[in-house]
Amino acid sequence: MPGTSPGGSPEREAGAGGRPRGPGRDRRVRFLLPHTAIELPSVREEEQLFYRRLEALVAPGPGGFAPLFAADGWSNLTGERSQAAPGRAAPGGRAPGVTGRLSGPPPPAEDRLLRKRVVRDGQDGPRPRPGQEVSVKVLGVLEDGGLVERDPRLTFVPGHGDVVQALELGVPTMQPGEVAFFLAAFLYGYGRPGREPDVPPEAPLLFEVTLLEVRDDPDPQQLPPAARLRLGAQRRERGNFHFARSDFAAALRSYRLALRALDGPVAAPPGPQEEEELREQRVKCLNNCAAAELKLQRADEALAAYEAALRICPDNGRALLRRGQLLAQQGRDAEAALDLRRALELDPASKVIHAELSRLVKRRSPSASATPQEPRHGPMPPPSPGAPAPPATEGTA
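Everything in the sequence shown is counted per our numbering, starting at 8 for the first residue and increasing by one.
One or more hints might be untrue.
[What the hints assert, rightly or not] Simulated restraints on C-beta separations:
id, residue 1, residue 2, range
1, GLN130, ARG60, 17 to 23 Å
2, GLN304, ASP354, 49 to 55 Å
3, LEU219, GLN304, 26 to 32 Å
4, ALA233, GLY138, 20 to 26 Å
5, SER365, GLY138, 20 to 26 Å
6, TYR58, GLN336, 54 to 60 Å
7, LEU219, ALA256, 27 to 33 Å
Think of the hints as simulated: they come from the structure by calculation, not from any bench. Using N, Cα and C, we set each Cβ at its ideal position, and we do this for glycine too.
Could you put together the complete structure from these sequences and hints?
Put into structure tokens, the structure is as follows:
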């Protein structure tokens, strides 16, 4: 368009009265603005409303949330006074990321460690039932008012361990459209370790949650391959989160849910790259299942998981090494040697595989019978979830 300015709008020459002059004087001018991303103010306004409601609840100070844990006007979602809490669900988010119930005995009755206060009533619709999927809007703060959670639409299935216990237990008590505060001690938030870098250890949290939608949990086998890959990766990462907090039963549950999303027939066949990614994710989940089974002292189940991984990828070095070690522990030396030698071919520089083979050969040599036997290889060292583990340590991927 002739006569346009660098900003994308036409130049206009104004006379004394501010009216345009020139050929376009009596014509309406349409300004052509460049595409610009404009942040809507609603998010900031929502946060401001949230903080105003928070200030009405508790004044900032050294006491933090302590007065709220003892205040009237809240319902308790744990202990004998629980009014609507379902059975204790698996800890869990990204989502907001999150969970962290610690292993060990449950909190005492009437513990007041997870409390609810309704901000706005719902629409008298049915509360979420077991197995249904929910979408919620979440804001969450620490005692100092620092915002650590903000998700305009978090979707999860209560009981699958994808979010913190505060949401696992709290959201099923809500009706569609309801807005509620959930005050959570660290047992129902991010646990004793916290969440680096923004949630300190043993930090209580206060969430404001809006229940947006309730629907039946979609069958992951009917999802397109790309969506299944995302769901599988999300659930595997949640498993790693639980594993890092030594909640191995919850980790195993998340890994199995990830496999459910990744396995089975699909409505639309995946392309070559998606098929390869699905195969890689299955192998990672199976290896992680085996690591969790070992932590739960279930060697046979761990061995079965490694064998399933090797049926998908016969040259997976991690599964070969771990299966070889387990077979050696069971006295199946010939089978163990085959796995370890193949693992060594794939990773000739591995000192761990060399050491395992050396121990196995020494045990099987004729001279070994004349000397005291070395103790068989003990349980795997503790895993290192969250990062690729070297062959020397059992870990999660």
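Structure-based check of all given hints:
no. : hint                        : verdict
1   : GLN130 / ARG60: 17 to 23 Å  : holds, 20 Å
2   : GLN304 / ASP354: 49 to 55 Å : violated, 28 Å
3   : LEU219 / GLN304: 26 to 32 Å : violated, 42 Å
4   : ALA233 / GLY138: 20 to 26 Å : holds, 24 Å
5   : SER365 / GLY138: 20 to 26 Å : violated, 51 Å
6   : TYR58 / GLN336: 54 to 60 Å  : holds, 57 Å
7   : LEU219 / ALA256: 27 to 33 Å : holds, 30 Å
Figure legend: structure checked against the earlier numbered hints; hints not met, in rising order: 2, 3, 5.
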